[in-house]
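Colleague: If you want the building blocks of each chain, they are given just below.
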Amino acid sequence: MMQILKKQKMKKLTSVVIAFVFVFGMNACDDRFEEVNTNPNGISDVDPAHLFATGARASFRSGVTGYDYKITSQMAHFYVGVFVERFIDQYQQDLSGGSYEDLYNAVYRDLIRYYNEILLLTGPGMEKEHPMQYAVADVMAVLSFAKLTDAFGDIPYFNGGLGNIGDLSPVYDSQRDIYVDMIERLGNDIEALKQADGTVGLIGQDPIYYDDPDLWIRFANSLRFRLAMRMRHVEPGIAGETITKCLSEPLLTTNLHNAIQIGVDGDNSQLFSPWYNSYSYYNFRISDRVVTQLSTTNDPRLSIYATPISDGTYKGFVNGLVEEVFAEAIDMEHSYPGEYLVGRGAPTYLMTAAEIAFLQAECALFGLGGSDANAHYRNGIELTMRRVGVDEDSITTFMATETATLSGTQEEQFEQICTQLWLAFAPNISEAYSMMRRTGYPSIPDRDGVITDPGDTEGELPSRLVYPLSEKLRNGDNVQVAIDNLNGGDELKTRVWWDVRR
Amino acid sequence: MKRLELFANRICFKFFNYLIIDLFYDRAFNKKIYLIMRLTVFLILIGIFQASAAAFSLPSDFDIDVKDKMVKDVLTEIQENTDYRFFYSDNMIDLDQRITIQARNANIETVMLDLADKSGLSYKIMEDNLIVISPAKEIVAITVTGTVISSTDQAAIPGVNVLIKGTNVGTITDVNGKYVLEIEGDNSILVFSYVGYLSEEVEVGDQSVINVALAESIEALQEIIVTGLSIERDKESLGYSVSQLPGEEVNQVKADNFASALSGKVAGLQVTESSTGVGGSTRIILRGITSISGNNRPLFVIDGVPMLSGYNEENDADKDGGDALGDINPEDIESVSVLKGAGAAAVYGSRAANGVILITTKKGAMKKGVEVSFNSTYLRDNPLVLPDLQNVYGQGGLRGRYPITNPNNTVLDHPSIWSYGPKMDSSTVIGWTGEDMTYASPENQFEYYYRTGQSFINNLSVELGSDNSSLRVSLTDQHTSGISPNNNLSRQTFSARGFTKQNIFELDAKVTYIHHNVENRPLLRENGGNAPLSLSILPRNISAQSLEENTTDEFGNERTWLIDETFGNPYWMLQNQGNYDIKNRYQTSFSLKTDITKGLYLLLRSGLDQATVEDKNWVNKGTKTSSNGRGNYSHSISTRAEWNSDFLLSYSNNAGQFSYGVSLGGNYRVDTYSKIDQWGSGYQIPGYYNISNLSEYYTNEYSSRYEVGSLYALGNVSYGDALYLDLTYRSDWSSSLSLENNQFNYYSVNLSWLFTNTFTLPDFFSSGKLRGSIAQTGNDTGPYRLENVYNVIQSPLPYSMVSIPGELKTFDLLPEINDTWELGTDLAFLKNRLLFNFTYYYSLAKNQIMSVPIPTSTSYSSKVLNSGELQNDGIEMQLDAVIINRPSGFTWDAMLIYTQNNTLVKSIHPDLNSIILNSAWQASIQAIPGEEYGLIYGYDWKRDVNGNRLIDSKGWPIQGDSIVSHGSINPDFTFGFRNSFSYKGFTLSFLIDGTMGAKIYSWGKTYKMLWGTDAETLEGREEWFETHDDNGFPIPGVEPGGYIFEGVMEDSGEPNTIPIEDPAYRGYLPYKDQVITESVLDASSIRIREAVLSYTFPSKLVSKWKMTNLTLALTGRNLYFFYKPADHIDPEAGYSSGNTGNGIEQSTLPSTRSIGFNLRVSF
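Protein chains in written order, with the working numbering: chain A, 6 to 507; chain B, -10 to 1152.
It cannot be assumed that every hint is accurate.
[Unchecked claim] As a list, the in silico SDA-like pairs of lysine to any residue whose alpha-carbon atoms are at most 20 angstroms apart: (1) A/K133 / B/F818; (2) A/K477 / B/V953; (3) B/K931 / A/D461; (4) B/K798 / A/L173; (5) B/K1061 / A/S104; (6) A/K133 / B/N780; (7) B/K1093 / B/D163.
[Said to hold, decoys possible] One side of the interface only, derived from the structure: several residues of chain A facing chain B at Cβ under 8 angstroms: (8) V51; (9) G166; (10) S274; (11) E338; (12) M404; (13) N480.
Bear in mind the hints are in silico, worked out from the structure with no lab data behind them. Built from N, CA and C at the ideal position, the CB exists for glycine as well.
Produce the entire structure from the sequences given, and follow the hints as far as they go.
Modeller: If you want it as structure tokens, here you go:
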């Protein structure tokens, strides 16, 4: 009896065990597992317009803060860093904190990641095909790549930013090929935008031109104009044709056409100017170059670009001081960059009508198209002054000074144009730095090693940034090819392809 | 058996008498016989009771008057008139001889002496009025009694085997450690033996009372070990290496984190305490790093239920949020089993790659009664190592000048805030507050800032038991204040465990509740709130007191002495920056075991471990270092749970020389996590830390779920107690991997040969074993690593913005596989007084799952990939010895462990040259193929072929051409050396542990050199000031002096003789050139990790006080360094317990020396 009971008990237990195993029955788990491993913390389907809003915001913000604010502001002798960023001002090649990497990271990760994703989703024959979204994202991608290639030279362009489709070691493309392609892309984008219906474009997700295809055409064409001007000394053929085309299409002509984002002087850091957000207290002073330029010409922008010291005057800091001189200087009072440049409500620009006016003045001056260089020049100054908030009386006064009229030799007039353009670029100073390299104006004397530190360039204004260490670590073979193609190695003083005029 | 013989005798000679005796005396008699006898005899007895009733009431002094009577009659008479009873064998003794005895009011001793004298017999008066009569000249059956106690704590030991040597005659001690044994024959030797104690032999001689103190034996080969799935096994049968520690090892000297108490005690285990404040985490690595960038902490299993033990589960970047190991209450631990090798851990499959640590908690004893234990600890903590700062020169940047000349411009920037100024001469200068200040060195700012940390830990446990059930309830309350002024911890642990055995069922249920509240965990790394960092660079003439008195400026904002916003005023921070975290953790488990038939049982078990953590951090408005002075705030609540259910069906049997066992089991695991987070900045009303007070705020929620099913089979077979073979096999199905790849199998084969049971070896060789094991384990991955998703950005803007994460996923991930083998031996000599074991192991971890950093030019930052191989090999040795063990109770035990492990990066992803594991400033810890794991990389100086530093024409060293290795963060070897002396209740034991050959990058040192506060910067300053004028220019005609960088001139190869032109260049040049050489320090150390002096009151004494145990102890941790080449820091002062957190020091809190008292009382 006991035996039978035990056997029955065994059977029961065995079946319990088998049932238990069956619950684990692993094939039955498959569907469940798939469901369990579906990530509830994100979305798998997206409207590309929502990606555009993210990328476009970043083009005004993280895309510019590292490069424009910390590096080119000092290269263009606009600001002087007095803390870690000082190494940049000292023309040092190996930077603590790897600041030269900032632009690389910002362009690829914050900008191209989004624009390329939109291009992949909305391109011809793709899942979410959309010509206007495609064209607008393409213009922004070109703007982003242009900034990057201007800083470094050759970069991964055709295969760059495509990690999501498996290219984990992108090859580097020559800057010339990149420029030629960018100009072609912008041409195609302008044609596509001419066909676009703004009402179904970016569905309210356009922080730049609010779904207006006409403004996008002006912007794309102005960008093409900027690029053509930049390559005109080294590729005059393509540049000339392109400039002619650009001048025949709509350009940014008024301050209403500016691609601008204005910081909000509220309490939300997402709305602040990116300059303010990245503005480390007391880390920068306004450059002595700026103060000297503005004060010697009685320029009303002085009180806008700089803050007065306690005696009410303005005192700029000299760029690139050697340590001993610096140590004395730092204990004294100097002007900080003005509220217009670094305050919470400071604006950020992708491009302004003033720049186009000055470029038109240059075209007229050198016979590349259009006429009346002086009119364009004066228009550029006025556009700038109105934009930065100079009152009309002061503008009138300034426009009457000799500074506001072109005079002298062609080269002297060119220097005048470049100097005013230099002032007009603030606060987006990276374009000023590119212009200085292209034109040689405003000219920066070589550093002497006594008062100013010659750094790693023998005192010469750096001509490019060195490739990021991370790229050398992770994409070494490809970056080596690019370095071999550089005329002078991966150095600050090696010039990029279009930098031939200085 | 002895008792039965006696019984037969008694039946023969004194039947009735015996029965009376037995009923009142021999309760230990075999129950069944006793019962039958009681029934049958009871009726017969009644009459006799009545007859002899009078005799029982007689006084012990009595009258006797017998003349010429036979001895047996005399005895009968005494027996009738007193309550003494006689015991003799009348075929051996001449009871018929006649004697005369007369006495009045005599006591029994006198009478018996007289009787013995006259009859020539001898006698012995035993307990319970029994008198044994024997022939005088013959071998006497004597009765020996005594008590057996433990020499360590003087407590009685029940159940000790007392055996007459050479026979199988013996007995065991009762609950009070007492025994009674009849011995026939002189010259007998008694052998006292008990598991866990060294056997003791005592010659009986003429002693009738033999009390013995047994010394605890060190880990013996016959030990019962808790192994995988909590199956208990004989240690000798195991083919892999397991270390088991008793609970006292982890609860005697209290460490802030339970895991820290394992340091130096287990070969192969590397434990590093982080000095990150009270409630911080501990880095714990078993047999080296096996996952390049994943989790490397062993799996912790408590009573068979895995515990969430992820590193820094509530950690954010700036503070150490502690880990789960800190929640384990050492007071509740019965034993800790460390399953080092994969063979031991393979049954845990995909979680076993890092080894497994099994914790068995206490459960009450199954005996009638109540036992109450109280344990109280008080500890005091003080900084162990403080930075070595210079006290000669004060504030100043270049040219050795004091910078401040203008009362309106006192808050300065680099380099004027360095301590490269003039000699502090007690003159009056304008101080940083704008007021006059004496230019002199104040008291040590660290001593001013830190306080003495204190801990009160009290534990009360109650055990209730019956014959088949037990219940244990334990309550622990801990209050700790750290050395950082507002850093406090309060922790309460409640644990209840019940066990019952009914029929064929065993039921075991447990619940543990842990509550902790930690206030103001110190901020680490380069953070304005990191007080030790700010204090380490404070100009030498500025006092901490002046910072304390000037925390706030006229606008209510933070006031500091410098512009650089990286550093805050530590006293402002104490008032305006803070955090707390509250954890509620529940651990419950329930298991049911059924013995189905002989040898076959089924175990069903389910256990849940759930922790909810509320974490709040705030930095007030006006704090310079936070969000441009707007302050910030975050508050989150997260819950993590792991639920495991498993079954195990197990059968074992013998067949001749073979015995075997087979088990089949399965486990289902569900991991869930959810977190709601809110954060923001911009306080409307300063000092009110609530989300509603913020002008900018965000929220987020996150949840995840992850399930794994497993089935496993275990088999073991042994032959003749000499050969043991173990096999395990496990399959895991994981939800985190794709359906095509989600099943994985793991196995182990373990062989053990007890060769001393096969061959007969010389006597000194007690036992010996050879063992070997081959196994495969794994390491799976977390959920949601297969497919990319988009995230929605919370924004005040009128756009809907979606972000793309920077980490690319991989659909066809495989789990990490770790192939290992090990060989070892366990040897015992001199009756187990000397034990030695040795293990060599090798492991190769493949398919490393990692988020591989990819080129920025891909637009993404990383991709989750399987790639790379990591190889570990090493040796572990342990030597245990009982050096002295005197019968007087003096013992000296020693233990020495030695661990050596090498981790080699065999390969990483083919597209990568290296993986940066961790970095600080320009130093990075990298994994590079073909190199050791964890090398510190950074620039060195440029050197010639002989290694001499090259110096340029200015006397400056030159930056090297590329980054190079500066050594490994992993030690060459570690050791632990424990000595324990005990004598009559006193025990002194101390543990020395050593870590040799590791390197650490000290970012704090780079800082102190750059800022000129480091004592090392003194070199050459005196000479510089002597040869320069007040403005810092060389005095004409005087050869300038100053610090000379050692090295040879780049041009000539001659030794450098050019002093640097400014003292500040000493620290500035390495900083500017990003050279880390001077800040890579030797992290070796040999220290007294633990010391205990305890006294256990003798059991006789404490039983008078109605106690069963009373022990007082003086304890110490981190007492003293015998060897420490690195100045400034305790090389264990890493900032985190991550994989490479021990390789970087970032001016966090110092480690502490802790001294305290401990009281243990049991009733």
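Colleague: Taking the hints in turn, state whether each one holds.
Modeller: Comparing the hints with the structure gives:
no.: 1; hint: A/K133 / B/F818; in the structure: violated, 79 angstroms
no.: 2; hint: A/K477 / B/V953; in the structure: holds, 15 angstroms
no.: 3; hint: B/K931 / A/D461; in the structure: holds, 17 angstroms
no.: 4; hint: B/K798 / A/L173; in the structure: holds, 13 angstroms
no.: 5; hint: B/K1061 / A/S104; in the structure: holds, 14 angstroms
no.: 6; hint: A/K133 / B/N780; in the structure: holds, 19 angstroms
no.: 7; hint: B/K1093 / B/D163; in the structure: holds, 19 angstroms
no.: 8; hint: V51; in the structure: holds, 5 angstroms
no.: 9; hint: G166; in the structure: holds, 4 angstroms
no.: 10; hint: S274; in the structure: holds, 6 angstroms
no.: 11; hint: E338; in the structure: holds, 7 angstroms
no.: 12; hint: M404; in the structure: violated, 38 angstroms
no.: 13; hint: N480; in the structure: holds, 4 angstroms
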